[in-house]
Every structure is written in C-alpha cells, then in structure tokens.
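Number of protein chains: 6
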Amino acid sequence: MSELTHFDDQGQAHMVDVSAKPDTVRVAVAQGRIRMLADTLALVREGRAGKGDVLGVARIAAIQGAKRTADLIPLCHPLALSKVAVAFELDEVDVAVVCRVTVQTTGPTGVEMEALTAVQVGLLTVYDMLKAADRGMVITDVALLEKQGGRSGHWVRGG
Amino acid sequence: MSELTHFDDQGQAHMVDVSAKPDTVRVAVAQGRIRMLADTLALVREGRAGKGDVLGVARIAAIQGAKRTADLIPLCHPLALSKVAVAFELDEVDVAVVCRVTVQTTGPTGVEMEALTAVQVGLLTVYDMLKAADRGMVITDVALLEKQGGRSGHWVRGG
Amino acid sequence: MSELTHFDDQGQAHMVDVSAKPDTVRVAVAQGRIRMLADTLALVREGRAGKGDVLGVARIAAIQGAKRTADLIPLCHPLALSKVAVAFELDEVDVAVVCRVTVQTTGPTGVEMEALTAVQVGLLTVYDMLKAADRGMVITDVALLEKQGGRSGHWVRGG
Amino acid sequence: MSELTHFDDQGQAHMVDVSAKPDTVRVAVAQGRIRMLADTLALVREGRAGKGDVLGVARIAAIQGAKRTADLIPLCHPLALSKVAVAFELDEVDVAVVCRVTVQTTGPTGVEMEALTAVQVGLLTVYDMLKAADRGMVITDVALLEKQGGRSGHWVRGG
Amino acid sequence: MSELTHFDDQGQAHMVDVSAKPDTVRVAVAQGRIRMLADTLALVREGRAGKGDVLGVARIAAIQGAKRTADLIPLCHPLALSKVAVAFELDEVDVAVVCRVTVQTTGPTGVEMEALTAVQVGLLTVYDMLKAADRGMVITDVALLEKQGGRSGHWVRGG
Amino acid sequence: MSELTHFDDQGQAHMVDVSAKPDTVRVAVAQGRIRMLADTLALVREGRAGKGDVLGVARIAAIQGAKRTADLIPLCHPLALSKVAVAFELDEVDVAVVCRVTVQTTGPTGVEMEALTAVQVGLLTVYDMLKAADRGMVITDVALLEKQGGRSGHWVRGG
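Protein chains in written order, with this note's numbering: chain A, 9 to 167; chain B, 9 to 167; chain C, 9 to 167; chain D, 9 to 167; chain E, 9 to 167; chain F, 9 to 167.
Simulated from the structure, these hints should not be mistaken for laboratory data. Keep in mind that a hint or two might mislead.
[Claimed, not checked] DEER-style ranges, computed between Cβ atoms: (1) E:Leu98 / B:Ser160: 33 to 39 Å; (2) C:Glu54 / A:Gly144: 37 to 43 Å; (3) A:Arg53 / D:Ala46: 55 to 61 Å; (4) D:Val103 / F:Gly19: 45 to 51 Å; (5) F:Ser27 / B:Asp17: 46 to 52 Å; (6) D:Arg159 / C:Asp99: 31 to 37 Å; (7) F:Ser27 / B:Val164: 36 to 42 Å; (8) F:Asp102 / E:Gly144: 16 to 22 Å; (9) A:His162 / F:Val33: 27 to 33 Å; (10) C:Lys29 / B:Asp17: 30 to 36 Å.
Source: prediction; values computed, not measured. Note that CB positions come from ideal geometry on N, CA and C, so glycine has one too.
The following block holds chain A by itself, in its conformation from the complex (with noise of 0.2 Å):
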C-alpha cells in the first residue's frame, strides 16, 4: 500500500501530514467536454449571442466547484487559491462543448483536485442547463493536462 500516500500503515485514511513540505507556486489545468445532439449544441452557440447564456451560468459555477473541493473531496487539504481561470470552447467536429480549467495556488499541495473538481461542477452546470432538451448528453474525457511546481515538478499529458 505504500504507493497510496492518503492510507497510513494500518490501511487507515487520513488527511496526509504536509507541513514539512515547502509553500512553492502550484498550478494545475485540467479539461473534460461534453457529447451533446447538434441542435442542442446549437442552443449553446445561440446562447452566446446574448440570451441564454449558457456557458456564462457554467462558468461562475466552475469558479465557486473549486472553491468547494475540499468540502466535497475527503482527504483535500483546504487551500486558498490565487487564480482560477474556466475557459469553454465548442467543438463542432466532435459535437461537444469543451471545459478547460486553470488554477493556481502558492502553498504546500498541488491543486489537480482543485481543476478536476472545477471542470466536472462545470459541465455538470452544462448538462443541468440543457437537460430539458437532450437527457442522453454524455461528460466524457475529464483529465489532468498539466501540472507544475512541488516535488514532481513538471508534467504534461502525454509528455
């Protein structure tokens, strides 16, 4: 078990002690995207337009998910983040919307947890928002792109 940092010795969870680590800048990108039918990806781009806003409600709700990780993810340490940046970008070959999220934090633990939560509360917005149109949307391919700083240093997806 030795791999799985959030288990002490007995196999036990526990919020892992970080204080011997050093506050250095983190910053984390994480993106996922959700398949909807053409039309309601229509109504998205309709939306951008000036009513409706879709995309502008799914954003605000990306913002305060990353605020609220550590209340919905068990062992997260709280941090007090610095940035947090949600950019939405349709993508009409695929018939999705796309949900990439940029946070940053200067402090002892990384925020991976932190984009991750931010994208799902994101397209969860999303999905809320056009459900009354197409039920059968699907989120899909919610991962990690990047992260810097602390002891692992830089890593990029497929890097």
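Once you have looked at the hints, place chains B, C, D, E and F on chain A.
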C-alpha cells in the same frame, strides 16, 4: 430559447417555478467510469480486501456529494432526498472503476442532477486517492441511465 | 417581549415551532439598489452588450444566496424553494443598479428572508465586480415590497 | 473593460491571479444601518437590558457571515481572516440600528467584501428577528468606510 | 448485519430508502454537559449577568449546528426542521454547564441526530469560549433523552 | 472578563485579532468515547472484518468535520490544516469505541477546536450508524489530551 427552461423570456437565468408541479416519486440512475493503469486497478482491488479501502471512502464522498447538489449547481432546486445508493464495480477488461448511483425523492422535480453529481464526486475521490500512483487517469462516460417519475415518465438510455 | 417570536418566555433565542402551521403558497418580493458614479454605471451598461457581464454573474450569486439563507440567518427555518427570479435594472436618473428578487415556496413559513438575502448577495456581487473602478458605491433602500401567503395574508409596501 | 479586473480580455469572468501580490496587513471597515419604527427600536433597546438580545444574535451571524464571503461572492478569493469585530449602535435620531464591522487579514487581497458581507448578514439578522413587529424596515447606507493595506494604500470615505 | 440499516446486503454504506415511510411529527430531546473548574463556571455565571454572554453565543451555534446535521453526518437524510430549542443550565454541584436541545420536524425520519449534533456544537462552543481560562474541560454524558414519532413510538431514556 | 479573549472590553463577542501572532507549528490531540451495549460493540467488531464498516465511515466524517470547524464554532479562525489523523479503538472492558484525533497546522492559532470537533463528528457518526440497534449509547469523556505550539508551549493532560 423556448426549450431551455432555466432561462426566462429575456434569456435571463432563473430558478424555474415548480410550485404547480405535484409531488411524485422520482428516481434517477447515473453512471460513469475512471480509466487507469492496470497496476493502479490492482491497488483498488487490494484495498477491497481490507487495507486502503479506496472505494469505501469514495462511496461516502458520493453520498455527501448528492446532498450538496443544489449548493453546486446554480439553478437546481434544493430537495429532500429519500435514498442514495452507490455501487462500484471493477471493469477488468476496460481497466476502469465504474460508479453507479441511484437517487430517489418524492417531490416536484427530478433527481438526475443529484445522481450525476454523486457519480462525479465519487469518481473525483477515486482520482484523489490514487493520483500519487497514476496521474493520467481519465473520468469518462458519465451519463444518465434511467429516470422515473414526473411528466416525462420512464426514460431509459438507448431505450 | 411578546412581539418577538424568535425569543421564548425567558428571552432566549430559539427556532420557533412551525409544525402546526399549514403548508401554503408563499411569495415574497424584495428590492434594493447600489448607487455608483456615472462612469461605473456605463461599465455595467457596456457589459450587458456582451463583454464583462456584471449582472449575469450577480444574478447567479443572488439565486445561490437565496438557497443559503437558513445557513446565514441563525433562526431561519430551512425551506425548499420552488422559484427564485432576479431582475436587474439600470436607474439612469438615480445612477444606480436596482435588484429585485421574487421567491416562492409552498411551506409553513414565509420567504421574506430568502428574497432579502438574495438581493443583498446580488448587490454585494455587483460591488465586488466594480470595486476596482469605484470604491465608494453605496447599497441602499433594501426592503420588502410584497408578501403573500400565510396568516398575515397579502401585504404590499406602502399599501 | 480594462478597469474591471474580474473579467479577462474576452470579457469572461475569472478569479484574478493574485499570486504575484505580496502578503500585507489588510484592514477594512464597513458600515450600514436598518431604519425602523420607534416602537421597534424600543424592542431592541429592551433586549439589550437582558431579554431578547437581538444584537447579540446578529453579532454572531455577522461574524460567521464574514467567514462565508468567498462562498457567497463568486469571484472572491478565500482568505484566512485574522480579526472580525462587529459594533452595533442605536441611532435614536434616525431611528435606526447601525452596524459597523472591522475585518483584518494578512494576505494578498483586501477584505472589503468580508466587511461588507458581515454588515449585510448582521442587518438581515436584525430584520429577521424584528420582522414580526415591523415588516417595513429598510436596510440602507451600506458602504465601505476605510481600507488599509495593499497597493492602493490607505483610503478613507470622503477623505 | 441485519440490524444496521445504514448498510445494504453487501455491507456497503448507503442512505437508506425512506420514501415508503409516512410523514409524522417527530420530536427528539438530547442532552450533554461540560465539566469545568469552579472558577470557570463563575465566569459563565457572570456572563449571564450581561457581559461576555458565553451561553448566548453557544445557543446560536447549537441552533445552526442542528441545521448542518445532514452535512456533517454522512448517511443522515436532509430534513426541514420545524423547531429547535436550546436550554442551558448551570449545575453547581457537578460544576458543569448542561445543554438540552429539543428538535421537531414533520417527516419520514427521526431527528435524534439533529438534537445530538446541536448539543455537541453547543458544548464545543462553550469550550471554545472558555478555553483560554480552562483547557482541561470535559464534554460528557451526551445522550438521547426522549424520542417521539415514527414506527418506534415514544421512547424515554431509562423508561 | 479579562480571562475570556473571545469578548472585548464591553463584553461583546468578537473574533480576536491574531495578526500579530507568528505562524508556528501547532498540534492538538483530542479524544472521546461512546459507550454502548456489548452486542452493539460486537456489530462494530464484525464490521471491521469487512462488512458494514462503521468505523471507516466515521473516520471520513471526522476528517471532514475537522475542516468544517470554523463554520460551526462562531469565533474560530479559519485555518489551513496540514494534517488530520483519526484512530478508533475498541475498549472491550469499558464496552466503548474510543476516537482519538490528531490535527496539525502551521499558523497563528491552535487547533484544539479542530481536534475536538473531529472527535465529536466521528462519535456522532458512530451513533448514527448503530442507533437502529442501540438508542441508549452515551458519548462521553471528550477532552483535549495534548497541545503543542504557540505561546502556551507544550501542554499535556494531567501532566
């Protein structure tokens, strides 16, 4: 914009009026999966045998996540849930952990968002507990499987 | 002290017993405004045109604020809200943004506090987003406009 | 849109990057008032004398409100507050309760929003506790009085 | 494992289905105490006389704690409480502060956990406010005194 | 009232100013127990063997409870915890489950309240999961065992 009930005539977001909708029994089932390395899945399997119970922790997080849905998703109505059940399964072929959540209430609105939110929080917690071993895990195929109750009746994915 | 229902015979605060009160439809409308410099109001007007949508963000905050009322106000009963609608208006004469919130529920207690809390959180969010340009803004005239349902019947401000 | 730091170049809301800003001592003082009938103010005065302590309850709510600021205001950074003090005063001439809050932290961003949020939650709690006697109360004149620390230095209202 | 309703047939934790249980009036009374030095109890007694009202603060915390129960206790159902009353008493013989909480709802599940959680949060707040004077205080004898409503009828401790 | 730092000169509650206190490593250890029937303790023992893991659920609740302390205890400062560890033990002689929690942070205030809150939430969760079998359980002997860091140095119970 007539299809998107979360916006009013002017395209402004609102929490839609459900006071005229009768209380009925509502059930929603949602599912998702997290793909990982074979060695990582082996750690989860071992944990089941008594030490480092990743899925036990994730199950609790998922249940609590269901209760936080209205806090996270801006236009969701707060609901008094009457049941939340979380099942995890190891998919050895796809090399993934599958999370399936069933939520039930008696009320004026459905519980799709609660079921989907629970799945996402459950899978995020699995990611958190295993990320020291495998940073590249991907959360995918998160979707509604089934929905009962309310005006739209019984809906089954692909049905 | 007989007029203050939030205290018992000994003058101690309590959450008053509402179990004997029937569930009825309750509506409350509250309103408030934030006064600012003319240049600041111009920034809000521009944002409406598509970039920097101050009021779109504040609307979401107000709706979520309504759902947090029982968390914030110690003696409020938790309530399952059935509707929250937030309208913003620019008052060019008074050089102010006006926020009006309508909340509805079916339950044993009124929703004045939910409507007022939503107005306050909405106006605070407007302040937050504009404070880099205008630190001197004033939130003012926050009051209940109308209330329906329950023993006290229909009340209209100044009516 | 250059003046509004809460939006990026594309006019999208984000939680602005403060990682390059040094930690300094920050203080903010905010104030607001709630106007009421003379008989209602008399109830508050009596409560002070030992029974039905309206202001004691509102003070606690205000302090807890300060701690919830980042939860309520979407683009606020979470902050570890080092001091929150709440003073109430009866203004017999204006027939109002005045609430003044001082908040302090050592960090990269100011605490105006924390002080203003505390004032609002404090005044909303006063409203809640007195509303059975006086539904027409008005919360008004909520504004920042003073701010110290950070790049903008010492700012005093009307100074 | 048949006696523990919070686990399913496989021994997995779940939020048990209460949708078939009728709404009935439910009452629970819980009590606990915190033992302290005689000098510390004297500080509490003085505070009652008008300055430093320890019990006034703890009463508010206890009421708010009751509302947070489903957030804190993983398998608790969220409930709309209809009454929370908190009584403190000084036990001069045992040199302790006694906290007794009564909670009421109309719903499908009991409110024991809400009453017990309120007692614990109330007593923890007393500890917090007095700890500068007396670090050795002990919280003890926290138990359910009485329970009404539901299938199990009227239960009285030691009855 | 000079001994009670949570009140100012006028006896009003406030969140005391800690901005002048240096950040030091702080550790607190708290403990408590829940007494039950011998048959109930047997259920806990069985659960440990793989099915119905009462203590696994309670451990997660305790850790999350530590993170909610500043939300629950009105005058507590919010803190970024660097470690939370929860140990359960079965006391076969006293017929009780013992819960011991260690919390650590680097900051200006101690973490006694976080450790005590975690113990209480952990024991409340044990009560919740076993109450169908044994309503008469008693939570008792909840106290601080040890405290390090800060001006008061190293304190050990009974030391």
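Now the hints, each set against the structure:
1. In this structure the hint that Leu98 of chain E and Ser160 of chain B lie 33 to 39 Å apart at CB is violated, the actual value being about 59 Å.
2. For the pair Glu54 of chain C and Gly144 of chain A, the beta carbons lie near 39 Å from each other, so the given range of 37 to 43 Å is met.
3. Against the hinted window of 55 to 61 Å, the Cβ-Cβ separation of Arg53 of chain A and Ala46 of chain D comes to about 58 Å, which satisfies the hint.
4. A beta carbon spacing of about 26 Å between Val103 of chain D and Gly19 of chain F contradicts the range 45 to 51 Å that was offered as a hint.
5. Our hint of 46 to 52 Å for Ser27 of chain F and Asp17 of chain B holds, since their Cβ atoms are close to 51 Å apart.
6. With their beta carbons about 32 Å apart, Arg159 of chain D and Asp99 of chain C fall inside the hinted range of 31 to 37 Å.
7. In this structure the hint that Ser27 of chain F and Val164 of chain B lie 36 to 42 Å apart at CB is violated, the actual value being about 59 Å.
8. Restraint check, Asp102 of chain F to Gly144 of chain E: a C-beta distance of roughly 21 Å satisfies the suggested window 16 to 22 Å.
9. His162 of chain A and Val33 of chain F have their C-beta atoms about 30 Å apart, which keeps the hinted 27 to 33 Å range intact.
10. For Lys29 of chain C and Asp17 of chain B, the hinted distance range of 30 to 36 Å is satisfied, since their beta carbons lie about 35 Å from each other.
When held up to the earlier numbered hints, the structure conflicts with 1, 4, 7 and fits the remainder.
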